[in-house]
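Asker: Spelled out, the chains give:
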Amino acid sequence: MIEARDAGVRFLFGRHHRVLTSGAARIRRLDAETWGLRSLDFTLSPGQGVALLGPSGSGKTTLLRLLAGIYEPDAGRIHVNGKVASLLSIDAGLLPVLTGRQNALYLGVLAGLSRSESRARLDDVKERSGLGEYFERPVSSFSQGMRARLGFAVADQVNPRILLLDEVHEAFDHEFRAILERRARRLVEAGGVVVAAGHDHPMLERLCDRALYLSHGSLRADGAFADVQRQYFEDLHAHAD
Amino acid sequence: MSPARTRGTVTRALASLRGTFDLLISLTASDFRTRYGHGPFLLVRWLLEPFALVGVYLVLMVVVLDRPGNAPGLSIACAIVPFQLVMNAVTNGMGSVAVRRPIIANMAFRRSLIPLSSVLTESASFVASFAIIATMMILYGVSPTPALLWLPVVVGVTLTVAAGLAYPASLFGVWFRELRPFGTSVVRILFFIGPGLVPLAEASEDARDWLRLNPLTGLFESFRDVFLYGQSPAAWQLLSPLVFAALLLVVAVPLYRREQREFAKVIT
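Chains Y and C are the protein sequences, given in the same order.
Per this note's numbering, the first sequence starts with residue 1076, numbered consecutively.
Per this note's numbering, the second sequence starts with residue 3, numbered consecutively.
It should be emphasised that the hints constitute simulated quantities derived from the structure, not laboratory data.
It cannot be assumed that every hint is accurate.
[Unchecked claim] For the chain Y half of the interface with chain C, some residues (derived, Cβ under 10 Å), not all of them:
| # | residue |
| --- | --- |
| 1 | Phe-1086 |
| 2 | Arg-1093 |
| 3 | Thr-1096 |
| 4 | Ala-1099 |
| 5 | Ala-1143 |
| 6 | Gly-1144 |
| 7 | Glu-1147 |
| 8 | Val-1159 |
| 9 | Asp-1166 |
| 10 | Gly-1168 |
| 11 | Leu-1182 |
| 12 | Leu-1188 |
| 13 | Ser-1191 |
| 14 | Ala-1230 |
[As the list claims (entries may be wrong)] A few chain Y positions that, by computed beta-carbon distances, are all more than 10 Å from chain C:
| # | residue |
| --- | --- |
| 15 | Gly-1132 |
| 16 | Ala-1150 |
| 17 | Asn-1156 |
| 18 | Leu-1197 |
| 19 | Gly-1205 |
| 20 | Gly-1220 |
| 21 | His-1276 |
| 22 | His-1291 |
| 23 | Phe-1308 |
| 24 | His-1314 |
Note that the Cβ used here is the ideal one computed from N, Cα and C, for glycine as well.
Construct the complete structure from the given sequences, taking the supplied hints into account.
Answerer: As structure tokens, then:
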């Protein structure tokens, strides 16, 4: 369902440590080049929940963005087979001046629905978000938790086969986290794939039976969640000592 | 190719076209809401904004400087209205990627449509700005003529120029964030080294050939032909900006498509 072969993502830096595009790097002074991900090889099969473990800056978010199609590989290749829904930040692409309804319509089209399909699903998104009348208000008046709820409901409306979560689920209240967990488990049971990064390991363990451990952009370990988590903690303690 | 395969190809092409259209409309609608807000004042803002933007030029030239000539206010409005679209296409084009940071950082979609949606958003205020021309025609007692039939063509060329400039402007805004004000100034200069304030017919013989090199000259003069002189625009007036826009699009669009792959890295 997801296959990475020698995949890498490169960042080019100009003056003041500002990221440049390849085109800009040809006409501006290039100060540094860093590989955010390097030589990644893995396959995620249908029906897997996969946790991404690793310290901050290890490449978890970069990998999720690569899987979401937000980044394209600068080396190797990545093949994602199936509709993807992602929740990679709390704002989830929401525009603050638009109402919940307008955002849902807009983001539905960006996620690949036609305008009529997106419009037809608005009431369903409203229901799933649990926002009630707030759905008709500008998102600027929402709390972070409410934004995350709307973001997830909007992302989920495309009936994804692959769900990508990046820490933001940790911003949900307990009730909605339970809903999210149920949804993710149902997706895995139905043959989909869930890839989740975060620091809430108990929740990740409930969702994922497999883990990838990233360190400095490289894959350090890949296996059963408990084994990979143990290795991650051992490395952390070794580092602390 | 078998009929079934041809049908499949056509169906896929139509679906892709419809998806592009839907995406463009959604991006533009969200821009429009962001810019004009909600509620009953949306229409008022939409109608008044062009007056607020270009009114100052008109007051300066017509009232303060008291320029002589054939309906000077209308003549200037005929230059300012297309110029404002071009100017806004460049200004907003330069910020178009930064403005869409939330969606670029979170979703995969056809980012190559971003400059085009900026131009479509600006075309909404472009349409409203025709009220200025209508007002000037009434003030100077200039009646509409059959030359108005050329308006769709002239508007089409103006929009093409705006789109042609929006792509390089968007790239410029990503590559040289700190130089955006300079980009705005360059476009503003095109107005002043063109027949914006003084029509081409009133410029000196020597200057005319030079002024014709400015791609905006054809636009300004075409608007004057349609609204003020009541005649068909000359071929060069439409072809010169069109060729300019086509060259920009041919060079900038492939470059933009290549560069947009990395926009998410730059803005996050």
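Asker: Which constraints among the numbered hints does this structure fail? Numbers only, ascending.
Answerer: Going through the list in order, the structure violates no hint and respects every one.
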